[in-house]
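S.K.: Sequence:
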Amino acid sequence: MTDQPHQIAQHQIEIRNLHASVGDTPILKGIDLTVPRGELHAVMGPNGNGKSTLAKVIVGDPEYTVTEGEVLVDGQNILEMEPDERARLGVFLAFQYPVEIPGVTIANFLRLAMQARKAEGEEVSFTEFYGKLQNALKVLEWDESIVERYLNEGFSGGEKKRNEILQMLMLDPNYIIMDETDSGLDVDALRIVARGVNSLRGPNLGGLIITHYQRLLNYIVPDRVHIIVDGRVVQSGGPELAQKLDTEGYDWVRELATV
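When the letters of the sequence shown are read in order and numbered with my numbering, they come out as residues 458 to 716.
Any given hint could turn out to be false.
[What the hints assert, rightly or not] Computed list of lysine-lysine pairs in DSS-like fashion (alpha-carbon distance at most 30 Å, straight line):
(1) K513 x K617
(2) K701 x K486
(3) K575 x K589
(4) K617 x K589
(5) K701 x K513
(6) K513 x K589
(7) K513 x K575
(8) K595 x K617
(9) K575 x K595
(10) K617 x K575
(11) K486 x K513
[Said to hold, decoys possible] What follows is a list of derived Cβ distance ranges for each label pair:
(12) R473 x N675: 29 to 35 Å
(13) W709 x P660: 33 to 39 Å
(14) Y670 x L546: 28 to 34 Å
(15) P540 x G611: 22 to 28 Å
(16) G480 x G659: 20 to 26 Å
(17) R574 x G611: 37 to 43 Å
Everything labelled a hint here was simulated from the structure, so no lab data went into it. Beta carbons: idealized from backbone N, C-alpha and C, even for Gly.
Start from the sequences and build out the full structure, keeping to the hints where you can.
M.R.: Take a look at the structure:
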C-alpha cells in the first residue's frame, strides 16, 4: 500500500461560516472569508454591523462567544486557543482604542513581545532589537526617545495608532488585523501609519484592514474589498468597490442584505 501524500496547509486565514454573539445578541451571522498571505483585504460596512466583532473574535476577545464556524490560520483552527497562542502563530491586532499601560516603557514592552515570539531557549539579542527598532522608528518618523515613555500614557490618538504600527514592525506578524486604525487620524498621521503597513507588504504578510472610510485605502490599496452588512459578507470585489462606497454611500449594500 502506498503512503498518502502529506497535505501542506495553505498559508492563509480562512473563516468558515462564522457565527458569534455578545450575550444573547447575535452579531456575526455566517462570515466566509479567505485571506492568503501576500494579500491585504479591506473589510467595510456601516457602523454596528460586525466589522470590529470579526477582528476581536479572530484574536480571541472573551467578550464574544462563537456559536458556529471555524477560523483557520495556516490550517489550524484557532478558536480553542488562548489569545497569546494566536499571537505566537503570527496574528497581530492593531486596536481601534489602544490602552495605556503606566509603568511599562515602550522599549521594555517591545522587547518582551519579541521574546514571546521566540522558541524556548532563544533570546532576542540587543543587536537584533536595536537594529530593528532604529529601522522602525525611521519609517514612522519618530525620535528614539519615544521608547522611554510609558506605553501610550499621555499619547495623542495619532501617537497611539503610530505606536500600534511600531509594534507591528517590530514583531513581523504573518497576519495583521487593523481595527479602524484610521479613526481619528489627521492626514499626516494617516500617511505615516500607511507607510509603516506598506513597508511590511510582501508574500509573507496577509491581513484585514477594517475601515469605514475610503481615505485609508488611498494609501494602503487593498487586493480585495469585502462589505459586511448585518453580520455577513454581502459583496466582495476589487479596490473599486471601496470607491463606489465612498461616492454612493451604503444604502445600496443595505438593500443587498435583505435579498
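S.K.: Holds or violated: K513 and K617, Cα atoms, limit 30 Å.
M.R.: 19 Å, holds
S.K.: Take the C-alpha atoms of K575 and K595, compute the straight-line distance between them, and say whether it is at most 30 Å.
M.R.: 24 Å, holds
S.K.: Take the C-beta atom of Y670 and the C-beta atom of L546, compute their distance, and say whether it sits inside 28 to 34 Å.
M.R.: Once the Cβ atoms are compared, 30 Å apart, the range 28 to 34 Å for L546 and Y670 holds.
S.K.: For the hint 33 to 39 Å, verify it against the beta carbon of W709 and that of P660.
M.R.: 35 Å, holds
S.K.: Within 22 to 28 Å or not, the Cβ separation of P540 and G611?
M.R.: 26 Å, holds
S.K.: Quick one, are K617 and K589 close enough, alpha carbons at most 30 Å?
M.R.: Holds, at about 20 Å.
S.K.: Has the hinted range 20 to 26 Å been met by the Cβ atoms of G480 and G659?
M.R.: Since the Cβ atoms of G480 and G659 sit about 40 Å apart, the hinted range of 20 to 26 Å is violated.
S.K.: Taking 30 Å as the top limit, are the C-alpha atoms of K595 and K617 close enough?
M.R.: Between K595 and K617 the Cα gap is close to 17 Å, so the pair holds against 30 Å.
S.K.: K486 and K513: Cα distance at most 30 Å?
M.R.: The given pair, whose Cα atoms are some 15 Å apart, holds under the 30 Å limit.
S.K.: Given a hinted range of 29 to 35 Å, is it respected by the beta-carbon distance of R473 and N675?
M.R.: 32 Å, holds
S.K.: If you draw a straight line from the CA of K575 to the CA of K589, is it 30 Å or shorter?
M.R.: 15 Å, holds
S.K.: With the threshold set at 30 Å, check whether the alpha-carbon distance from K513 to K575 stays at or below it.
M.R.: 24 Å, holds
The structure fails hints 16 and 17 (numbered hints given earlier, in ascending order).
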